[in-house]
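Protein chains: 2
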Amino acid sequence: MTTATSPRVLDHPTREEIRLEGVLHALSDAVRLTIVGDLAREGTELSCSYFDLPVTKSTTTHHFRVLREAGVIQQIYRGTAKLNVLRREDLDALFPGLLDSVLRAARAQGERVGQRAGDDA
Amino acid sequence: MTTATSPRVLDHPTREEIRLEGVLHALSDAVRLTIVGDLAREGTELSCSYFDLPVTKSTTTHHFRVLREAGVIQQIYRGTAKLNVLRREDLDALFPGLLDSVLRAARAQGERVGQRAGDDA
Numbered sequence: 001m002t003t004a005t006s007p008r009v010l011d012h013p014t015r016e017e018i019r020l021e022g023v024l025h026a027l028s029d030a031v032r033l034t035i036v037g038d039l040a041r042e043g044t045e046l047s048c049s050y051f052d053l054p055v056t057k058s059t060t061t062h063h064f065r066v067l068r069e070a071g072v073i074q075q076i077y078r079g080t081a082k083l084n085v086l087r088r089e090d091l092d093a094l095f096p097g098l099l100d101s102v103l104r105a106a107r108a109q110g111e112r113v114g115q116r117a118g119d120d121a
Numbered sequence: 001m002t003t004a005t006s007p008r009v010l011d012h013p014t015r016e017e018i019r020l021e022g023v024l025h026a027l028s029d030a031v032r033l034t035i036v037g038d039l040a041r042e043g044t045e046l047s048c049s050y051f052d053l054p055v056t057k058s059t060t061t062h063h064f065r066v067l068r069e070a071g072v073i074q075q076i077y078r079g080t081a082k083l084n085v086l087r088r089e090d091l092d093a094l095f096p097g098l099l100d101s102v103l104r105a106a107r108a109q110g111e112r113v114g115q116r117a118g119d120d121a
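For the protein sequence lines, the chains are A and B, in the order given.
Its first residue numbered 1, the first sequence is counted upward by one per residue in the working numbering.
Its first residue numbered 1, the second sequence is counted upward by one per residue in the working numbering.
Calculated directly from the structure, the hints in this document are not laboratory data.
Be aware that one or more of the hints could be misleading.
[Claimed, not checked] Computed footprint of chain A on chain B; a stretch qualifies when at least three of its residues, placed anywhere within it, have a C-beta under 8 Å from a C-beta of chain A:
1. 11-22
2. 25-37
3. 91-99
No residue lacks a Cβ here, since even glycine has one placed at the ideal position from N, Cα and C.
Kindly generate the complete structure, drawing on both the sequences and the hints.
So, in structure tokens, the structure goes:
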């Protein structure tokens, strides 16, 4: 099966290269938690423009890169669009239950604090 | 019930002040994961000298402060000793299952990578 990816391929860690410390660091930010929560809820590839984030475009790009380099998301060029997808299978295989407990904790905190993560910027 | 704490009291966030982002950041380091793993396993107050860490004393002090300020541990002076204890009750109440999934992930990674976290410093 071939996919219509462009020659521009971004660096990603292999599953074996993903480290817990890097994943936790990538998740330790309100904006990045919002991105990961959206990707988990939608369960499909999303372009960067899908996300309604309270930061500049360059900061958004930075956050996506941190998530990619930690192995939390995969970023794929399709034509001119850069699409993002959660590496749920890799994360669940390496760290069973971790991603779901973080997503639950983020939702619970959002309800408790009464705001969407990132709104206090 | 009174406890023999000295007048020197260290700043700690209340349970309500603890934030998921801060907890994940505090856990995103191999040395701090080792400290938290030891505290979870022993389940009691431990002095800083208990921990066999591959870093200097001042770096060790820094790591304990990060954990305390994030609300992951409580540090209590008893006489001349500074004792550390995991805030498991607070963390489990705020973020059910999170601490255990992180500790499991750290153990699994340690077995997979074949080294104690922090040994690659």
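* **Which numbered hints fail** => Failing hints: none at all.
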